[in-house]
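Sequence lines, in order, name chains A and B.
Numbered per our numbering, the first sequence finishes at 500, counting up by one with no gaps.
Numbered per our numbering, the second sequence finishes at 322, counting up by one with no gaps.
Worth flagging that the hints you see were computed from the coordinates, not collected in a lab.
Quick caveat: nothing in here was measured; it's all calculated off a predicted structure.
The reader is advised that the hints may include incorrect statements.
Here are the simulated EDC-like pairs of lysine to aspartate or glutamate, each with C-alpha atoms no more than 20 Å apart in a straight line [as the list claims (entries may be wrong)]:
(1) K181(B) x E392(A)
(2) K315(A) x D274(A)
(3) K181(B) x E364(A)
(4) K315(A) x D338(A)
(5) K446(A) x E279(A)
(6) K158(A) x E30(A)
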Amino acid sequence: MDLVTVTGLSKRYGGIVALSDATFSARAGEVHALLGENGAGKSTFIQILSGAVQHDGGSILVDGQDYRPVNPDAAQARGIAAVFQELSLVPDLSVEQNIWFRHEPRTWLGTVNRAEMRRKTLALLEKYNFPALRPDQELRRLTLAERQIVEIAKGLAKDPRILILDEATSALPAREAEWLLKLTRQLAAEGRLVIFISHRMAEVRAIADRLTIFRNGATVAAHEANAVSDTEIVTQMIGRHLDRLYPERVATATDRVALRVEGLSSGSRLSGVDFALREGEVLGVGGLQGHGQRELFQALFGASRASGAVKLWGKPVSINNPRQALTGRDGIALVPEDRRGQGLLLTKSVRENLTLSVIRRFTENGLLSRQKEAALVKEMVDFLRIKAGTPEQLAGTLSGGNQQKVIFGKMLLTQARVLLLYDPTRGVDVGTKGEIFQLMRDLAAKGYAILFHSSDMPELVHVADRVMVMRDGRVAATLEGDRISEAGILRAAMLEREAA
Amino acid sequence: MSAFLARNRLIVLAYAGMVVLLLVTALFSPGFLSVSNMRSTVVLAAFVGIVALGQTFVIIGGGIDLSVPWVLNSAAIIMALLCGGQDLPLTWVMPLLLAGGAFIGLVNGVGVARFGVPPIIMTLATNVILQGLILVLTGGSPTPSAPALIQFLSVGRIGGFPVIALIWLALTLAATVLLSKAAFGRHLYALGTSATVAEFSGVPTARTTILTYVISGLTAAFAGMLLTGYSGQAYLGMGDAYLFTSIAAVAIGGASILGGSGHYLGTVAGAMVLTILTGLLPALNLSSGALLIVYGAVILLTVSIGSEAFAGLGGKLRRKEG
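Just chain A, with the same shape it has in the complex (with noise of 0.2 Å):
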């Protein structure tokens, strides 16, 4: 019998309909992947299964009885329990205290049991193989893929017989992300339903015994995944036939060193980066994550102190803040990793992000000009086809695509020519994916030079002209042509001597 048997969900928000029409059955012990664009309807779906919000209409039967959450805890009371993309974790507690929060072991005196805890913290962390938790760390120090990791444990510190994961690869490391693949097909062997949302189709092909498909709000359709080709699923997440997600690869870059490196060092994780970017290139930039990936793009940009030379079009400059990167013609821009911390104001409007790098540019004699605004906004809106309503519209309440894309204008508003891209599609839907992927290669034949980083090893491949790959700080290969492949890459981030 199936576990989970869903059948005509709706939710609206207002005029908004989010979902129109979801069927969906799953049974104990199997994979269950939901597949499908941003704002496809998968987002309401889960929320409504953990008990976030509440559907209008249709029905849920979970063991065969009525279920309608009011609130997550009481999903929780019949086994369900989410893990979301946006982390729920209190930065102040430590690893252990928010696994457990909310319903930490107690003593006999109605206080918490600490030592209970740590033992059930341990036994779990153990039990499921975790990466390297130390349960007492306090939360703020971890890792954005860390936090992910302890959002996970939170999860199954529950003991759901339906477990939810909502992109929860997409903030980790490739061998964290492994584990998580090894992780849910041991759930669903202990006899739990894992409901795994992903937008990396390997990903899906590794573990899903099924999958359901989103398009505008309804289910479309559902397999056996061993059942559907690829082709079939994508033209059924976005309703036509996709070509290719990958841009044909031209060769645009010149000779011109648009971005000179040279003993960049910085703290214990960057420790003397050497490398060229020219224009028209897109350079990228792979390895294992936490080699230095992040302390480069942050050190170039002027968000952390480091030492070493760095040149911007020939001229030796020193970056010590965003501002400083972000200035003039010779500037240089970021798209950050942490797009709803450090890319978008999400309480303000589209326009208001698109212009705030820029907003100088907009002011006659110190009063902005309103017309001058919305007519760059309009153009950009227009030209990386963001989906708002209206340019007042707020970033929060766009899609993980449209809102990247927001950010992508706010940083060609900017008259910077270098840019330094730290996994832009990361939580982006496959649609979007193609469009940022050809936006990189339009803006290099412009004679932009972009510096790509990405944690989705297929994407360094298609679409950089060169992958640089960083071991402990440094530039372990720089790999061209023919040798860029995904084993390649591998090869040179975990060999200790690649013979280069």
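Once you have looked at the hints, place chain B on chain A.
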């Protein structure tokens, strides 16, 4: 304009509240809506409004300025001492004290923006230090009476309008231009919404922060001098009431106390509401103790309405992917 109203629902609410409060007060105290009474209400509100101008900038930027009472009081007392009741010295005393207020703001701003001192601690400390300095300076003795010119600025009239109301109007225009029409305003809202995003977007975050505290120092010092003219004399403790009222006016005016939203036009309504309340409560035969209780309750109420709007937005963000 309609877009402005839609985005600033809380400001509209503040004005609606002000009108309702006016009518209620008139009900209990029939003379309240008379021209002369409205005039004195506006004059009293102007003092709150001028102090709250700087506070509005600081709060939108994500900070708070607890040093206003003694910046105000220091300016008042030093002005009275330096002028000794004469008008002439005002020509250099006023610029000097405005510069002094700006300097205190600079110290606050640099402490917060460059040295990372939490705004509450930083401004509380300057407040106490100024209080100590003034006590040392005066030894507790009374100051000479206020110069006639400053009295004209605070209680005089031009064509039936109180001079201070005209000053307030001019300052309101200036603040509105800064917030809505200048790059500085855009930077300020970005800073208060997320300092990290602002920094990553190339906003001069430190300079913007410092400037808000400088403005606050300026307006507090200016209000101190005007208030001396109104009272006819400067005295110790005359700024104390303005700590709470300046913050309350901003909060009632619809700004989030966490920064990133609000407008001085809302604060103007907030200052009016607070002043009308002080007129209403005696009419209800409430003591000044009760007045403080109502003040506190009003703040609590408006801030919780504000945070409810915030929670609603949080809900919207959570459901972004539909």
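Is the straight-line distance between the alpha-carbon of K181(B) and that of E364(A) 20 Å or less?
-> holds, 10 Å
Would you mind confirming whether the straight-line C-alpha gap from K181(B) to E392(A) stays at or under 20 Å?
-> holds, 17 Å
Hey, K446(A) versus E279(A), does the alpha-carbon distance stay inside 20 Å?
-> Measuring from Cα to Cα gives roughly 9 Å; hence the hint holds.
Within 20 Å, alpha carbon to alpha carbon, are K315(A) and D274(A)?
-> holds, 16 Å
Are the Cα atoms of K158(A) and E30(A) separated by 20 Å or less?
-> holds, 19 Å
For the pair supplied as a hint, K315(A) and D338(A), is the alpha-carbon distance within the 20 Å limit?
-> Violated, at roughly 30 Å.
Consistency note: the structure conflicts with earlier hint 4 alone.
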